[in-house]
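A.B. asks: Letter by letter, the chains look like this.
Number of protein chains: 2
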Amino acid sequence: MTVVEDGSSSSRLTAILQGDQAELRGSVLDLLASDPFANAPDDVTAYRDWVRDRIVDLANAGYGSVGYPVEAGGQDDMRAFVTIFETLAYFDLSVVIKFGVQFGLFGGSIHQLGSERHHKELLPAIGEAKLLGCFAMSELGHGSNVRDLRTTATYDPDRAEFVIHTPDDNARKEWIGNAARHGQLATVFAQLIVKDTSYGVHAFTVPIRTDSGQPAKGVTLQDCGHKMGLNGIDNGRIWFDHVRVPVTALLDRFASIDESGEYTSPIASDGKRFFTMLGTLVGGRISVACAGLSATKTALTIAIRYSSVRRQFGPKGSKEVSLLTYRTQQRRLLPRLAVAYGLHFALHKLADDYAANKVGENLQEIEVQAAALKSFGTWHTTATIQECREACGGQGYLSINRFDTIKADTDVFATFEGDNTVLMLQVAKGLLSSYRQQFHDMNWLMVARFVADRAASSIRDRNPIAARNTSPSHLRSAEFQHGAMDYREQSLLGSLAQRLKARIDGGMDSFEAVVECQDHMVSLADAHAKRLVLEQFIAIESRIEEPEVNQLTALRQLCGLHFLESDRAWFLEQNYIEGAKSKAIRTEVNQLCAEIRPSAVGLVDAFDIPDTILRAPIGLSG
Amino acid sequence: MTVVEDGSSSSRLTAILQGDQAELRGSVLDLLASDPFANAPDDVTAYRDWVRDRIVDLANAGYGSVGYPVEAGGQDDMRAFVTIFETLAYFDLSVVIKFGVQFGLFGGSIHQLGSERHHKELLPAIGEAKLLGCFAMSELGHGSNVRDLRTTATYDPDRAEFVIHTPDDNARKEWIGNAARHGQLATVFAQLIVKDTSYGVHAFTVPIRTDSGQPAKGVTLQDCGHKMGLNGIDNGRIWFDHVRVPVTALLDRFASIDESGEYTSPIASDGKRFFTMLGTLVGGRISVACAGLSATKTALTIAIRYSSVRRQFGPKGSKEVSLLTYRTQQRRLLPRLAVAYGLHFALHKLADDYAANKVGENLQEIEVQAAALKSFGTWHTTATIQECREACGGQGYLSINRFDTIKADTDVFATFEGDNTVLMLQVAKGLLSSYRQQFHDMNWLMVARFVADRAASSIRDRNPIAARNTSPSHLRSAEFQHGAMDYREQSLLGSLAQRLKARIDGGMDSFEAVVECQDHMVSLADAHAKRLVLEQFIAIESRIEEPEVNQLTALRQLCGLHFLESDRAWFLEQNYIEGAKSKAIRTEVNQLCAEIRPSAVGLVDAFDIPDTILRAPIGLSG
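Chains as they are written, first to last, in numbering that gives the first Met the number 0: chain E, 0 to 621; chain A, 0 to 621.
A portion of the hints provided could be inaccurate.
In this list, chains with the same sequence are indistinguishable; a pair is considered to hold if it fits within one copy or across any two.
[Stated by the list, open to error] Within a straight-line C-alpha distance of at most 20 Å, the following computed EDC-like cross-link-like pairs (lysine to aspartate or glutamate) qualify: (1) K428 - D41; (2) K428 - D48; (3) K315 - D504; (4) K216 - D195; (5) K348 - E540; (6) K500 - E511; (7) K315 - E515.
Don't read these hints as lab results, they were simulated from the structure.
Nothing here was measured: the structure is a model prediction, and the numbers come from that model.
Modelling step: build the complete structure from the supplied sequences, incorporating the hints.
C.D. replies: This is the structure in structure tokens:
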């Protein structure tokens with residue numbers, strides 16, 4: 000099979016990629032092409048103010064409030080929020096992250112943790128960027144383990160106020176976007192103490208600057224200093240010295256102080272309440288993964304276009320050939336292109352599901368998927384930009400060709416909105432708890448049937464004939480690829496559950512047991528993410544009945560075989576495939592790369608990044 | 000086995016690492032700690048001049064000329080040159096690369112391609128940094144394929160001059176260090192044309208600036224612009240418009256124009272002469288790999304020290320534990336630490352061999368090793384700095400903690416001094432040609448014995464009992480590990496030779512055959528590099544009879560098992576190991592990480608990077 004190259008197929012692919020978000024995406028791109036968005040200044044202070052001004056422009060265009068309730072001036076459309084976010088990420092990553100800090104994290108915390116009173120009072124000004132604010136969760140001593148944050152909010156019943164306090168320097172708020180320069184109000188996460196009882200982490204609105212821009216009384220602010228990237232964001236540190244705020248400062252959707260000064264919550268368990276509150280981070284994770292994917296697309300567009308015109312070496316006496324002629328170059332770029340398509344479909348599906356859901360309802364599956372795709376996706380971003388940079392040689396090292404800034408700006412995506420490794424471990428825990436729940440909900444007959452089914456499918460999946468089948472049509476089939484990815488995920492989940500159980504039954508502390516199985520857990524989360532990506536890719540492929548399905552099919556085949564090749568050691572260990580099949584997978588990846596090569600430029604053209612936004616001279620279209 | 004932790008062992012390890020270069024290394028570090036080296040300016044122009052001034056300081060300390068002949072003011076000590084280079088790389092990478100451009104590439108080209116006349120005339124001033132210059136090889140259109148450079152040097156017999164000319168913009172010299180601001184003279188690589196006959200690429204000294212700093216007549220200079228890193232280097236572009244230089248400008252060690260205006264060369268073949276000239280790049284490749292390794296050590300020192308004190312999460316009700324307690328964190332950092340030790344030993348051995356050799360003599364094996372270790376080593380640098388950055392979370396993203404600059408500055412190491420992928424392919428070609436030579440030199444009886452030997456060793460290596468042996472002592476043994484790495488290299492070499500032969504015998508163009516086997520070639524070069532690293536690690540280990548061998552042995556075991564784990568899919572495909580053994584390797588890597596963890600800080604302390612040079616607040620000692 001060869002991939003049809005067709006002038007019009009790029010634009011049909013673009014339509015498939017953009018779906019019902021095409022119009023909004025176009026409007027955002029139009030705004031980004033307008034004069035105020037040209038020429039960001041170099042000086043850090045000027046750049047920060049310039050970024051702030053762009054946030055105001057975006058708010059004026061109505062983009063800031065799209066996710067907020069209609070009654071608070073919004074459009075109740077989280078799907079649109081993600082689209083705006085991912086579109087901005089083609090342009091300037093400080094702008095998109097500041098957009099996320101202001102409207103997503105800060106505004107989102109008011110929206111999702113506050114009650115109607117907070118919505119009415121604050122959301123309109125936030126959505127219009129008239130009130131700039133912070134999401135003050137991380138502390139110097141606690142970035143990942145936010146449950147053990149040490150800032151306190153002690154209730155003073157006499158004055159019906161909370162006293163917000165930083166007990167020591169390790170508890171200072173750290174990395175807080177908008178804190179160093181522009182933020183006026185902060186959503187502060189602190190341990191709530193009422194009558195000497197601690198109720199765990201809650202969120203409070205605390206003014207950090209006066210109208211004249213000075214730090215509020217009792218508040219100390221400091222700049223975090225120069226960073227690897229994202230220097231258009233004013234990340235800062237915050238210390239609170241017994242800062243008093245009224246009882247209404249508590250964002251009280253999930254907990255409040257009643258008139259008699261007692262703590263009440265609709266969620267009895269502190270743990271469950273805490274995780275419900277953390278659910279506010281899910282939208283951010285999906286958005287960050289989408290922004291990372293936009294940066295990936297930028298990098299792939301530049302590198303693939305350049306590789307198709309840059310010539311070096313060739314057969315004796317003939318013209319030099321393009322870099323993309325080389326198997327090494329195809330291998331660097333094309334499997335990553337295929338995964339980028341798969342991630343696009345998986346993230347858009349997740350964004351749809353997330354937007355259709357309601358926060359506070361059963362978000363667990365979405366949370367697990369968001370954590371998995373955020374980690375897998377942003378690691379793919381980091382590695383792909385690196386590969387693209389190197390694939391463009393010295394040209395890739397020149398700042399004008401943009402790998403410089405997109406690499407530096409996105410590097411922190413692996414760290415913020417949940418450290419990728421920590422998230423991968425959470426994914427495994429989430430999958431384990433669903434797995435246990437599955438058994439818990441079954442009677443003995445169902446368990447027996449379940450076990451028998453799994454055994455049967457295991458025999459089917461691992462049968463020696465399939466393990467030896469090296470025919471291209473089998474290797475490329477969605478059925479084989481999905482079956483293998485699913486088998487890997489289920490096997491890793493089952494064996495992880497057994498390993499943990501054996502350790503805990505043997506008397507090992509559960510923390511230690513988890514530490515011993517962490518590499519297994521990361522493999523499971525990786526298998527989960529890949530299965531999600533491939534599954535969505537197959538779903539899209541099966542829905543399209545047009546000529547360009549030809550290209551998408553080849554890309555899906557490459558995506559699936561690339562995953563299988565990456566994990567072939569595991570499949571060989573399990574005797575799921577034999578050595579000959581493993582080698583055949585490698586051959587088929589090579590073959591698919593060669594087949595896709597002629598349409599590679601069309602496939603990045605389909606990402607539809609305008610030259611005015613792409614800017615890299617070596618990567619412009621045509 | 001557990002690793003002994005011993006206060007004094009770090010310093011013994013330091014002594015082993017530094018060997019006979021300790022004193023020189025100490026002197027360089029002392030100079031770097033002196034006042035002029037403090038506080039590089041931020042402004043690019045000021046920074047470039049500051050870097051230039053440091054080059055002058057280094058020259059004044061006698062470091063610039065160490066590699067040059069004694070009669071030209073040097074010490075004829077290339078080993079010392081590599082030590083100075085690798086020590087400078089702990090400090091500021093623009094300084095070390097400018098040092099390399101001036102004394103290594105520019106001065107080195109005069110030294111290695113010129114004759115005594117050039118040495119006497121130029122090397123003293125170059126070594127003292129009174130004459131700053133360029134190594135003008137790369138062109139916009141030709142970076143990797145330097146054989147097809149298009150700048151011309153046409154001999155004019157009437158005036159006994161060469162006319163240096165840039166035929167079009169694609170042939171402009173690109174990326175030339177020292178060109179944009181400081182260089183006065185350039186070694187220009189151009190196609191030599193004598194009486195309408197082209198003799199291939201030769202090197203010529205061409206003045207590019209007048210004494211007053213203006214571009215020389217017929218020379219156009221331009222700044223390459225801002226780069227991802229190394230902005231202390233003034234990389235520039237050069238165009239020549241019929242620039243005339245005297246016949247003495249030809250660096251004439253390997254070719255000259257005689258008195259009757261005829262071309263003569265002691266090397267008859269154009270191809271062989273070209274590759275002999277390229278031998279000048281070998282020293283640069285070794286030096287760059289060593290500099291990359293210094294940056295790797297800096298990153299590992301910061302990340303491992305920080306991971307040992309940073310605490311996050313912990314068992315219920317207990318104190319939080321250090322990040323290095325986590326298997327995920329150990330897995331990120333400790334195998335990379337083990338490989339860094341192995342690379343250190345392998346690169347130092349290579350530097351010794353290189354320094355003991357004489358250019359122009361049989362350099363082929365050293366060239367292949369240099370290409371392999373440069374590529375493998377600098378990719379290890381890039382990936383390790385990335386891993387360390389992420390392992391330090393948000394702190395790793397702050398510029399003050401230095402991952403920012405060491406990542407950006409070293410990123411181009413994968414590209415310059417030979418693109419890593421191109422070098423890997425050259426390694427495979429070099430190994431293939433030795434392999435063919437081996438057969439060529441044998442009579443039929445020797446070939447038969449050779450084939451029988453290989454078959455016997457293949458049976459021994461692949462015997463089913465060994466394939467199933469999962470005992471820790473076997474897995475950790477130098478014999479098994481080296482045998483496996485050697486087997487992989489030899490097998491890949493043999494099968495590559497067969498695959499290429501089958502294609503060429505079948506009528507395929509040799510260029511196309513190579514393209515089809517490029518992924519195989521890269522695997523072979525990777526196997527070669529790993530075998531070299533492990534082999535030198537084992538050699539050092541076997542030579543030491545002191546308690547700290549305990550630590551080195553554990554590190555060597557981890558290095559070897561990490562290589563085997565990375566390539567376990569290949570060994571499984573070959574039935575060299577069975578699934579159970581593959582799993583046992585994973586378990587043993589985990590076990591070794593846990594064993595090494597208590598001495599991890601001591602192992603980075605042994606790199607002996609002074610705090611004043613390390614500078615990252617989260618990575619300081621104690």
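A.B. asks: All hints, please: hold or fail.
C.D. replies: Hints, verified against the model:
In the homo-oligomer, the alpha carbons of K428 and D41 never lie at most 20 Å apart, since the shortest distance is 44 Å inside one protomer and 46 Å across protomers. In the homo-oligomer, the alpha carbons of K428 and D48 never lie at most 20 Å apart, since the shortest distance is 42 Å inside one protomer and 55 Å across protomers. For the identical chains of this complex, K315 and D504 are inter-copy neighbours only, at 18 Å across copies versus 68 Å inside a copy, given an alpha-carbon limit of 20 Å. For the identical chains of this complex, K216 and D195 are neighbours neither inside a copy (25 Å) nor across copies (84 Å), given an alpha-carbon limit of 20 Å.
In this homomeric assembly, K348 and E540 come within 20 Å of each other (Cα to Cα) only inside a single copy, at 14 Å, whereas the closest approach across copies is 54 Å. For the homomeric pair K500 and E511, the shortest alpha-carbon distance inside one copy (12 Å) is at most 20 Å, but the shortest distance between copies (55 Å) is not. Proximity of K315 and E515 under a CA criterion of 20 Å is satisfied inter-copy only: 16 Å between copies versus 56 Å inside one chain copy.
In the structure shown, a violation is registered for the earlier hints numbered 1, 2, 4, in ascending order.
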